[in-house]
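Using the sequences and the accompanying hints, generate a full structural model.
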Amino acid sequence: MAINTNVAEASIRERRLNAITGYNGSVKDLACRTTGGCSIHNRERNFAQASSCSSGCAQTLLTGIVDAAVVNHAPIGCLGDSLYQNIAYHYGQFHRNWAYSNINVLSTNMGEPDTVFGGAERLRDGIREAHRRFAPKAIFITTSCASGIIGDDIQGVIDELKDEITIPVVPVHCEGFRSKVWATGFDAAFHAILTRIVKPPRTKRPELVNIINFRGSARAYITEIFGRIGLKPSFVVPFSTVAELEGMSEAGASLTICGTLGSYLGTALEEQYGVPYVKSSPPHGSAGTDAWLQGLGRAVGKELEVEQLIADEKRAVQGELAEVRARLAGATAVIGMGPGFSLSYLRVLDELGIKVLYGASWHYDQHYDHGAQPAIVTELAAGEKDIPFGVGEQQNFEIANLLRTLKPDLYFSRHPGSSVWAAKQGIVTVPVMDEYTAFGYRGLVNFGWRIVDALANRRFVNSLSRHVRLPYKEWWYEQDPYHFLSEEAA
Amino acid sequence: MSDVVEQIRNVCALGALQSVAAIERAIPIIHAGPGCGQKLWSALSSGNGFQGSGYAGGHSVPCSNSTENEIVFGGEEKLRETIENSLKVMDGDFFVVLTGCTADIVGDDTGDVVRQFKNDGVPIVHVETGGFKGSNYFGQELLWEAIIDQFLEEPLGVEPGLVNIWSVLPYQDPFWAGTLNTIGRLLESIGLTPNLIYGPGQGVASVRRIPSAQFNLLLTPWLGLKTVTSLEERFGTPFFHYPALPVGATETGRFLRAVAGYAGIAMETVEATINREESLYYYYMERAADLFFETRFKPGHFVTIADSGFALGLSRFLVNDLGLIPEAQFITDNVPNEHRERIEAEFTDSEAGIASPVIFTTDGGTIREVIRGLKFRERPLILGSTWDKVITRELQGYPLSISLPVSDRLVLNRSYAGYDGGLTLVEDIYTVILNSFQ
Numbered sequence: 001m002a003i004n005t006n007v008a009e010a011s012i013r014e015r016r017l018n019a020i021t022g023y024n025g026s027v028k029d030l031a032c033r034t035t036g037g038c039s040i041h042n043r044e045r046n047f048a049q050a051s052s053c054s055s056g057c058a059q060t061l062l063t064g065i066v067d068a069a070v071v072n073h074a075p076i077g078c079l080g081d082s083l084y085q086n087i088a089y090h091y092g093q094f095h096r097n098w099a100y101s102n103i104n105v106l107s108t109n110m111g112e113p114d115t116v117f118g119g120a121e122r123l124r125d126g127i128r129e130a131h132r133r134f135a136p137k138a139i140f141i142t143t144s145c146a147s148g149i150i151g152d153d154i155q156g157v158i159d160e161l162k163d164e165i166t167i168p169v170v171p172v173h174c175e176g177f178r179s180k181v182w183a184t185g186f187d188a189a190f191h192a193i194l195t196r197i198v199k200p201p202r203t204k205r206p207e208l209v210n211i212i213n214f215r216g217s218a219r220a221y222i223t224e225i226f227g228r229i230g231l232k233p234s235f236v237v238p239f240s241t242v243a244e245l246e247g248m249s250e251a252g253a254s255l256t257i258c259g260t261l262g263s264y265l266g267t268a269l270e271e272q273y274g275v276p277y278v279k280s281s282p283p284h285g286s287a288g289t290d291a292w293l294q295g296l297g298r299a300v301g302k303e304l305e306v307e308q309l310i311a312d313e314k315r316a317v318q319g320e321l322a323e324v325r326a327r328l329a330g331a332t333a334v335i336g337m338g339p340g341f342s343l344s345y346l347r348v349l350d351e352l353g354i355k356v357l358y359g360a361s362w363h364y365d366q367h368y369d370h371g372a373q374p375a376i377v378t379e380l381a382a383g384e385k386d387i388p389f390g391v392g393e394q395q396n397f398e399i400a401n402l403l404r405t406l407k408p409d410l411y412f413s414r415h416p417g418s419s420v421w422a423a424k425q426g427i428v429t430v431p432v433m434d435e436y437t438a439f440g441y442r443g444l445v446n447f448g449w450r451i452v453d454a455l456a457n458r459r460f461v462n463s464l465s466r467h468v469r470l471p472y473k474e475w476w477y478e479q480d481p482y483h484f485l486s487e488e489a490a
Numbered sequence: 491m492s493d494v495v496e497q498i499r500n501v502c503a504l505g506a507l508q509s510v511a512a513i514e515r516a517i518p519i520i521h522a523g524p525g526c527g528q529k530l531w532s533a534l535s536s537g538n539g540f541q542g543s544g545y546a547g548g549h550s551v552p553c554s555n556s557t558e559n560e561i562v563f564g565g566e567e568k569l570r571e572t573i574e575n576s577l578k579v580m581d582g583d584f585f586v587v588l589t590g591c592t593a594d595i596v597g598d599d600t601g602d603v604v605r606q607f608k609n610d611g612v613p614i615v616h617v618e619t620g621g622f623k624g625s626n627y628f629g630q631e632l633l634w635e636a637i638i639d640q641f642l643e644e645p646l647g648v649e650p651g652l653v654n655i656w657s658v659l660p661y662q663d664p665f666w667a668g669t670l671n672t673i674g675r676l677l678e679s680i681g682l683t684p685n686l687i688y689g690p691g692q693g694v695a696s697v698r699r700i701p702s703a704q705f706n707l708l709l710t711p712w713l714g715l716k717t718v719t720s721l722e723e724r725f726g727t728p729f730f731h732y733p734a735l736p737v738g739a740t741e742t743g744r745f746l747r748a749v750a751g752y753a754g755i756a757m758e759t760v761e762a763t764i765n766r767e768e769s770l771y772y773y774y775m776e777r778a779a780d781l782f783f784e785t786r787f788k789p790g791h792f793v794t795i796a797d798s799g800f801a802l803g804l805s806r807f808l809v810n811d812l813g814l815i816p817e818a819q820f821i822t823d824n825v826p827n828e829h830r831e832r833i834e835a836e837f838t839d840s841e842a843g844i845a846s847p848v849i850f851t852t853d854g855g856t857i858r859e860v861i862r863g864l865k866f867r868e869r870p871l872i873l874g875s876t877w878d879k880v881i882t883r884e885l886q887g888y889p890l891s892i893s894l895p896v897s898d899r900l901v902l903n904r905s906y907a908g909y910d911g912g913l914t915l916v917e918d919i920y921t922v923i924l925n926s927f928q
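If you read the protein sequences in the order shown, they are chains A and B.
All residue numbers for the first sequence refer to the numbering used here, where the first residue is 1 and numbers rise by one.
All residue numbers for the second sequence refer to the numbering used here, where the first residue is 491 and numbers rise by one.
Quick caveat, the hints were computed from the structure, so don't treat them as lab data.
We put the CB at the ideal spot given by N, CA and C, even for glycine.
Just so you know, not all the hints are guaranteed correct.
Just so you have them, the derived chain B footprint on chain A, three or more residues with Cβ under 8 Å [to be verified]:
(1) 54-63
(2) 77-91
(3) 98-105
(4) 120-126
(5) 176-188
(6) 384-397
(7) 416-424
Written out as structure tokens, the structure is:
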């Protein structure tokens, strides 16, 4: 179904993409049961640990836009994640040699009276203050459970101020309670950007490639290799300007580092402005990078140039890849990441010669916005091996149980608050925090050497595990890791 | 006037879950939306000194992760299930159920659900901390009202010398663990037995011990006043109130004399302790004096941006022990109006010596605008949060992050309290100054 930017908000992933948060099976089972119109029913948990919500994902993207401002219409705690967003922002500024500044965000600081009388007055103040303080090019209003339940009319307040504040002021519907899938917040942010920021193309810039990513650490390398084939990357959304976002419609193609992230924006730019969205598996590892670059080549009509680029880049690391594979042979691993990464890192680790015992994903989209199953799933399922695979919204107790049973050499994780628990169990843990960790052929090799280093000295995790314990009773380790999942509805 | 908040320096009432996490082997169970635990932990712990998940914090906190279903049909059944299964899975000594906005707005009867477990002998309490109700300081007071009402029992008797410490707010103050340890050692040095409640080696036994204390020591200007008053009403335990966190020799000596006077400890004991500590303290201060007087690196006036008790302690130290001049003091802990006049007076009393404007605000924009309006003739020293480094750099000042968010430092057992804490603060300030150009 096409993305509809004529409605106020993006529909949640559970409805739009049949996203699930409870599943235990294997990659082949997952692939087979979610093709040809089939879908899997979610299995609910009757015990869970603190997850994450949409507003965090929405604000992660929006606070990164350098000349916009975010007004969070919420009690003050809903901006708890702004501290980490500011850390990430400073880190990005440092790596770009930019001036040091803070993210432009404020809270309307909702209190008890607002839950009774409504928070419109407060929202008006927030919009005015954001406008006065930051002189932004656009203001995004992120909503909260509190503002959503009491039913504050966000658009009504915006409309009242439209003569006073003439920049785009855009509601972002990211109430935490609406979805178990925090990535729904990406869609909420992109929906706001698509409906009020992106402009129809004034001209076409076939050399321009939108790269939908988070922090853009590999931009120098990407700019260099794309330059070789006459293309110019534009990294969105964090660290871009409102003007750069306005012009996304003019690009020759869109790519993403993470299918979970890019689906909504990439698909909508294709449907509405004819910007081809590369729907390949993500550029993690060798096969992923092949698919990503070849997809780009097809989209912009540079297949031959891309093949040459791939050959050059692969040749440069051939010897080192063989060496690192030899060093890692026989190692075993478990993965726990969001679906944009966990599935493709199954293949990354295979390319490095590591045997994956189990893959866990923080949710799973049974199809993307363009209608097809994630390419990586189709590709993995076509292989010989099948890998046990489960879905849970970062449920640490399930992972701890799995790790105790499977005893892998390595645990690979993405998202704060997950890796450390495996380390406490004495398992060598390699966090994949940077989205470009195993990007490209060089990235794959570098990642391999990082793992070699991690395995070469296990003393910290060994000592740690002898001195701390996890907060679980022995009873729990005797249960199936997915003990608390309900039966799948027929 | 608008009370929007730019650059948050504290969180909502549900932030009290981190106070539960600060009690060894205590387990918070939150009945809230899916993002609350992550956001509050991120702000209070990982984004603030990188304090970690601890035993059962961060993404390991049991949570109902309430969604549409619990909003429309009520979340009591989901909560019951979450508690029941938490008790099977989680290995803890004490459980505290805290609610978020969703449960409190739709009106779940959390108390009723929790009482059924309590009646079965589970060590569990509940507290309604919907984020819209107030800040995490307010949440802290709600938490202790709940523990006092629902968990503490009549003591068998009073333990002479036992003192409960009510001081810094765990996690909100990234130095809390080191500071509590320091305060405990100061009390031990004059013969008292501290009950620190939070941190390593304490746990639920120290919570149960609260009613048997000889007195409660309230070592903040206002936070916890309700708690010690409730303890006095319920158990007849008196309290001694000392508003400033003692930093450095002058204030720590004053603090020890005051506590000893209250507790009826012989003055000779106290003076002997103070003499011993001061001679060591001034051995190091003498060494530092060369740097102060033989180089050009003395900061200009200083600004503090912190919770009231910490700002007061830092300010007194910088004035009395380092001889610096205060320019402005920003108090960021949502001080209720009835306490403001008294706190302002503390900044201008004879011990503090030099009066300076005291501004109560939690809004970074207000802080920035006031600071921009100040006239500094030399590079100012700005003790605040990592947010404030931007304005400090703009002024070419010296920034040291000491209040939430402290995201540019790892904090483990560091503390600025007591004699050693004063020396540590001097080291840190001069590390910033000397690093600024080399």
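Here is what the structure says about each hint:
no. : hint    : in the structure
1   : 54-63   : holds (count 3)
2   : 77-91   : holds (count 10)
3   : 98-105  : holds (count 4)
4   : 120-126 : holds (count 3)
5   : 176-188 : holds (count 6)
6   : 384-397 : holds (count 4)
7   : 416-424 : holds (count 5)
Of the hints listed earlier, there is not a single one the structure fails to meet.
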